[in-house]
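I would like the entire structure built from these sequences, with the hints used as guidance.
The numbering of the sequence shown is my numbering, which starts it at 71 and goes up by one.
Simulated from the structure, these hints should not be mistaken for lab results. Wrong hints could be hidden among the right ones.
[Said to hold, decoys possible] Distance windows between CB atoms, simulated:
(1) His145 <-> Trp217: 19 to 25 Å
(2) Glu112 <-> Ser220: 23 to 29 Å
(3) Ala209 <-> Asp171: 34 to 40 Å
In this text, a Cβ means the ideal position worked out from N, Cα and C, and glycines have one as well.
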Amino acid sequence: MVFREPETGWWEAQARATVTVAAIREGDGAWHPEMVLSHLAEIAGAEALLVVFGSNARSAQHALVADLRARLPRHEIVAIGVRHRHGDLLRDAATVEGLLDAGGVPVVITPVSAMHDVTAEIASYLRADRVLRVLRTLAGAELRQVWSRSRAPSLS
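See the structure below:
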């Protein structure tokens, strides 16, 4: 009996698109919000995007989700409240993964104090390709990469 391995291109086609996690603190989102939203919309048009929004105020959460929905009308923007509880975080990460796989843009809303831990754990679970944060600049605000997954060398 002979078993054939699928062609290399088949394995590459099975992999999920590039996954980017954008971690935004409530105060960062208020710093030139048009620029931040423009960057998020550009990323969502090219790859899978997860937004982790650290906020303690409900009004800021609703504004971010509403603004994303207005800028990305062809994407399903889904807000998910997440606290940093180890027992529940795995289930929440699986929910986020399902939304990404369906082409949605999940917005994980978590308290500011838990934002870094939630971002790290969900990004790890998703095997995200990169994590971005808002950087304040003289010109306004931009998203800068703070972490990226190193690619394993190919076996060619």
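Please list, smallest to largest, the hint numbers that this structure does not respect. none
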